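For this one, chain A is given, so just place chain B on it according to the hints.
Number of protein chains: 2
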Amino acid sequence: MSKKVPHRLYLSEEQMPKQWYNLRADMPNKPEPMLNPATLEPLKEEDLYPIFCEELARQEMDNTTRYIDIPEEIQDFYKMYRPSPLIRAYNLEKTLNTPAKIYYKFEGNNTSGSHKLNSAIAQAYYAKKQGLKGLTTETGAGQWGTALSEACAYYNLDLTVYMVKVSYEQKPFRKTVMETFGAQVIPSPSNTTKVGSEILEKDPNTGGSLGCAISEAVEKAVTTPGYRYVLGSVLNQVLLHQSIIGLESKIALEMLDEYPDIVIGCAGGGSNLGGLIAPFMQDKLTGKASPRIVAVEPVSCPSLTRGRYVYDFCDTGKVTPLAKMYTLGSNFIPSPDHAGGLRYHGMAPIISKLYHDGYLEAVAVEQTKVFEAAVMFAKQETILPAPESAHAIRVAIDEAIKCRETGEAKTILFGLTGTGYFDMTAYNSYLSNTMKTYIPSDEDLERGFSQIPKVDL
Amino acid sequence: MSKKVPHRLYLSEEQMPKQWYNLRADMPNKPEPMLNPATLEPLKEEDLYPIFCEELARQEMDNTTRYIDIPEEIQDFYKMYRPSPLIRAYNLEKTLNTPAKIYYKFEGNNTSGSHKLNSAIAQAYYAKKQGLKGLTTETGAGQWGTALSEACAYYNLDLTVYMVKVSYEQKPFRKTVMETFGAQVIPSPSNTTKVGSEILEKDPNTGGSLGCAISEAVEKAVTTPGYRYVLGSVLNQVLLHQSIIGLESKIALEMLDEYPDIVIGCAGGGSNLGGLIAPFMQDKLTGKASPRIVAVEPVSCPSLTRGRYVYDFCDTGKVTPLAKMYTLGSNFIPSPDHAGGLRYHGMAPIISKLYHDGYLEAVAVEQTKVFEAAVMFAKQETILPAPESAHAIRVAIDEAIKCRETGEAKTILFGLTGTGYFDMTAYNSYLSNTMKTYIPSDEDLERGFSQIPKVDL
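First to last, the sequence lines map onto chains A and B. Going by the numbering used here, the first residue of the first sequence is number 1, and it counts up by one from there. Going by the numbering used here, the first residue of the second sequence is number 1, and it counts up by one from there.
There could be a bad hint or two in this list.
[To be verified] With a straight-line cut-off of 30 Å between C-alpha atoms, the simulated BS3-like cross-links for lysine-lysine are:
{"hint": "1", "chain 1": "B", "residue 1": "Lys44", "chain 2": "B", "residue 2": "Lys18"}
{"hint": "2", "chain 1": "A", "residue 1": "Lys18", "chain 2": "B", "residue 2": "Lys202"}
{"hint": "3", "chain 1": "B", "residue 1": "Lys4", "chain 2": "A", "residue 2": "Lys79"}
{"hint": "4", "chain 1": "A", "residue 1": "Lys129", "chain 2": "B", "residue 2": "Lys44"}
{"hint": "5", "chain 1": "A", "residue 1": "Lys94", "chain 2": "B", "residue 2": "Lys128"}
{"hint": "6", "chain 1": "A", "residue 1": "Lys4", "chain 2": "B", "residue 2": "Lys94"}
{"hint": "7", "chain 1": "A", "residue 1": "Lys4", "chain 2": "B", "residue 2": "Lys129"}
{"hint": "8", "chain 1": "A", "residue 1": "Lys18", "chain 2": "A", "residue 2": "Lys133"}
{"hint": "9", "chain 1": "B", "residue 1": "Lys129", "chain 2": "A", "residue 2": "Lys94"}
[As the list claims (entries may be wrong)] Reference excerpt, derived from the structure (chain A facing chain B, CB under 10 Å, subset only):
{"hint": "10", "residue": "Pro6"}
{"hint": "11", "residue": "His7"}
{"hint": "12", "residue": "Phe77"}
{"hint": "13", "residue": "Met80"}
{"hint": "14", "residue": "Tyr90"}
{"hint": "15", "residue": "Gly108"}
{"hint": "16", "residue": "Asn109"}
{"hint": "17", "residue": "Thr111"}
{"hint": "18", "residue": "Gly113"}
{"hint": "19", "residue": "Glu150"}
{"hint": "20", "residue": "Tyr154"}
{"hint": "21", "residue": "Ala374"}
{"hint": "22", "residue": "Thr419"}
{"hint": "23", "residue": "Thr425"}
{"hint": "24", "residue": "Tyr427"}
[To be verified] Per the computed footprint, the stretches of chain A lying under chain B, defined by three or more beta-carbons under 8 Å from a beta-carbon of chain B, are:
{"hint": "25", "segment": "10–21"}
{"hint": "26", "segment": "179–190"}
{"hint": "27", "segment": "300–307"}
These are computed hints drawn from the structure, not numbers from a lab. Note that the coordinates shown come from a computational prediction; the quantities given were computed from them, not determined experimentally. Cβ coordinates follow ideal geometry from the N, Cα and C atoms, glycine included.
Next up, chain A with everything else stripped away, as it sits in the complex (with noise of 0.2 Å):
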């Protein structure tokens, strides 16, 4: 029997987590290592120095502490718009009509609308420490670029974002956003950058992509003194900071007796369904309890579901390390039909591997479907969702539906990420049925394959 349950909860500022949770330290088979893209032989931490700062970099190689303070400085800044709520969904149960019992955890009550702060202040306090000058990072959508926006503001370290010149131009709020927080917004391709100026001379009229972007502002980088790079996904670091979303829920959860059958997330990079699933999986991984883990993915960017776990770059231009993860090779650019977020190529190193060895399940789903979950979740639960996190909406509702046709009362978690406060383009063309399903053929899977590098290893 559970305890009576308000809509939303919110942990004391007592009960917030003070530690980062290492899920890499669980795991019986860790993570392949990263690979130098020149030698192709594994990384070694000082390898990663020029790109990351120290710290950062060792919390990426970290693969055994199971624990890793929060600095004090950083618990402060997660004060101010954290913990998140857990919010029980009532409205949307009853209109369901399900006897399932869902459960959200809500991260889009910050001026970024999304998880991605909960890193970006993490890797911004790092460099300060460090004493570095300035970051730079790239941005598709926004929401990453405006998070790193406002954690460099907080401490005054300069910034410059690459953002993906089609979203620059059709985006231009976003830009104003990470302007008022006083970063340097470019669009990339860019003449700012070799890598950028090669690109444009070969194509001047090129709307650019997030592997560019990061090739960019990689190189960007490492030609600036004082200045690292930074990245809001798929890397380690940035799962484990994401720990606190899952670390939060699950204490929450406790308090109302309550552990869930089902943890959704919506997988692009993988830094929210990392950060979400972490306790969750800890338990799985050391046989203390057995939820079912799902990852959702759109059909239109089908890594896990029809990609292929091999090394791969992380961006289109080559530049970087080498990761082994689900891929669908680092050309791949979903059609611009898809609107629906999650476009990235790659899956994190930590979600592949787990979803490798059978521990996570995965899910693909259309972005119609997805579209008329966010209008029924906005219209009952009076949050606008992000398209990103709709995935995830789109999923829980699918299990609620099955627990009513079974009967079952089943605790379902999912994680929404964000606000879809700049994606009313994408939510117009939904309403007004003009928006497209793309489901990529064998034949374009397999020219997204075909650039994949050859490593042994």
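Coordinates of chain B only, in the frame set by chain A:
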């Protein structure tokens, strides 16, 4: 000595107010009654039934009931997005190097992005309870329209929103948010009403105005069976519903053994201000405490600081009842140079009366100073404020700076009514130094005053 203060304080559901507080009950001089525009006689409750639903008409006229129960259904809806946090602005205090303690009540954590939902859900509830089919309203910037769309979606009520045409064209995303919640959004003036058609005939290229949109929404409501009109500010009923803001704030401050020396709210129509100050004004009216209470308005639309306390229409089309209020004349429209919200020509009768009787102060601020405060606040507190809210931030900062100079550790409370995600055009104008400050000349004001009807009571 005050208790250890968390960054964000959330009440538990048990602590949330179960009654609204009706400030009029404690006012020694009640606000003047509204007048029938045809007869200039004071309106009776029944006179309002064709426009408002009956329970709301009752609340509008009730000057004596001190506490009014919040129906359980509304309490349940409030629990989906409330309590809103009371936040201690530690970082802002540190940046300002002030001994003052700054608290703010943040109402932006819902999809409408503002406090407007507090009254929208109440008005939709009573309409549903009366068996109505739908509602009409107007919206300018779009926060009220969004809030009411959410509320009507929840109760499955039809909703027609007349959106000022210039906003409709400049803010297509706001429109899409409302449509996502199922509302019909019509640019005003339109050919769907008589008053709209007449205005269009005279000036086919007009961008519309809030006053015109009100006229259309009222006409549509009274000519459509099963429909009523609702308004998001100015009215007594709206201030009643918004008292939840002040009541929650007071309970939270009491938990911290705090009481504000100064309470600051931005003032457009007066809905947020009236709600925030309600229980503190009660203390002042009943002699229990004597906080300073400050209304902040833009110099571009200075209804309190330069307006007249007379009977005037609530709309440009002069179809509404007359209210005794501080007004600039119902034809006064601030210059398009003014981007910072709070563009209404009048002020809620309750606020007007209290100001007239000396219970509150008013300050007018320039919009570049407002945006300067907004950007500083965003960088320090991680929330991007709405331009409206930033008026209160400006004065809170000014008061905190005064404390630095005098060494006084005053407790300051201000209302952060909402977020600025849909106001990036204005932020961009500020950041690019193209924002102008508009101060109406005495002649400009005289033009507005000359349109005010001569009413002797």
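### Query
Taking 10 Å as the limit, does the beta-carbon of A/His7 come near enough to a beta-carbon in chain B?
This hint holds: A/His7 lies near chain B, its Cβ roughly 4 Å from the closest one there, short of 10 Å.
### Message
Check the hint pairing A/Lys18 with B/Lys202 against an upper bound of 30 Å on the C-alpha distance.
### Response
Roughly 66 Å separates the two Cα atoms, so the pair is violated.
#### Entry: When the least beta-carbon distance from A/Met80 to chain B is tested against 10 Å, hint result
holds (5 Å)
### Query
Is the shortest C-beta separation between A/Pro6 and chain B less than 10 Å?
holds (5 Å)
#### Entry: Holds or violated: A/Lys4 to B/Lys129, with C-alpha atoms at most 30 Å apart
holds (28 Å)
### Query
Holds or violated: is there a CB of chain B closer than 10 Å to the CB of A/Glu150?
holds (5 Å)
### Task
Starting from A/Lys94, check that the Cα of B/Lys128 is at most 30 Å away, please.
Answer holds: A/Lys94 to B/Lys128 is near 19 Å, not above 30 Å.
### Task
Closer than 10 Å between Cβ atoms is the bar; does A/Thr419 clear it against chain B? Give me holds or violated.
Hint on A/Thr419: holds, closest Cβ of chain B at ~7 Å, below 10 Å.
### Query
Taking 8 Å as the C-beta cutoff, is the stated coverage of the segment 300–307 of chain A by chain B satisfied by three or more residues?
violated (count 0)
#### Entry: A/Tyr90 as an interface hint toward chain B, with CB separation required under 10 Å
holds (8 Å)
### Query
Given the proposed pairing of B/Lys129 with A/Lys94, does the C-alpha separation stay at or below 30 Å?
holds (20 Å)
### Query
Hey, does the A/Gly113 contact hint survive, CB to chain B under 10 Å?
For A/Gly113, the interface hint holds, since the closest Cβ of chain B sits about 8 Å away, which is under 10 Å.
When each numbered hint is compared with the structure, violations occur for hints 2, 4, 6 and 27.
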